[in-house]
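Asks: Given the structure of chain U, go ahead and fit chain Y onto it with the hints provided.
Protein chains: 2
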Amino acid sequence: MPWSRLSGSISSPKMDVAIDMGNPFLNLTLDGFLKIGTVAATRSAAEDTYHMLKRGNVSGHNFEQMLKKMCKEGAYWGTTAGLYVGTEYGVERIRGTRDWKNAMIGGAVTGAVLSAVGDNKKDRIVIDAITGAAIATAAEFINYLT
Amino acid sequence: MPWSRLSGSISSPKMDVAIDMGNPFLNLTLDGFLKIGTVAATRSAAEDTYHMLKRGNVSGHNFEQMLKKMCKEGAYWGTTAGLYVGTEYGVERIRGTRDWKNAMIGGAVTGAVLSAVGDNKKDRIVIDAITGAAIATAAEFINYLT
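Protein chains in written order, with our numbering: chain U, 272 to 417; chain Y, 272 to 417.
Derived by calculation from the structure, the hints in this document are not laboratory data.
Same chains, same names: a pair is fine if it fits in one copy or spans any two.
With a Cα cut of at most 20 Å, we get these calculated EDC-like pairs of lysine to aspartate or glutamate:
1. K392 with D319
2. K340 with E318
3. K343 with D390
4. K325 with E335
5. K339 with E318
6. K343 with E318
7. K325 with D399
8. K325 with D394
9. K340 with D394
10. K340 with D399
11. K372 with E318
12. K392 with E318
13. K393 with E318
14. K393 with D319
15. K372 with D399
Only chain U is shown next, with the shape it has when bound in the complex (with noise of 0.2 Å):
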């Protein structure tokens, strides 16, 4: 079965998470999800810490503060790069081939298409598409330096 992978890992020392989808578009979009999430939830941990150590004091509260911080800020990075991958994946197979234009495609559509979710007006979404294509766009160039 060409169609079925597996995907959606997060490799550490102690986890391995596998889940197929049965579908490689599903299987981009939830493994850029989980990835880019546990990335975002790990940043905001790392920046609650530092927090915590420069006050000097742990308390319960935090700790729970931090948690629902930590979920909140890996949903929205795992969705902006879900929404980015799948795009990507989609406009490789529309497009039939592999260059920057698709990471410029996938970045202005994940841009306009956050910005409309997040309520902003006509002109915002067509910036903010701008700015995701460009970011999109660099990170893709920068991959090809290194």
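Replies: Chain Y in isolation, oriented as in the chain U frame:
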């Protein structure tokens, strides 16, 4: 001469620039600066063009401002990219391996340096370093996905 190679090239239908700094570290940094600077300048131009089309008038004054903004944004994004690419290359040389941790360290250094240059307080610099690390790690993961 293994240490000299052509780099810093921007390929477009009409333009091809090649500058050799005689050192792979400097070449990569310059390459990052030029490529990402171009992306940022294009983004800035696209944004301003949209605003102009919407207002329906194009004046010389706007055009001058647009050029200035393009240079400013291009230089800022270019510096960020050059710093990141240079740091990642340096980390790769020191660690002797290529993995996502290089991106994480590169992102953290870039975030911290740019934040320190921007005259931020110590707290803000640490948070920016964490955020930079998270963004670079996320970009590296997305890169493996697609």
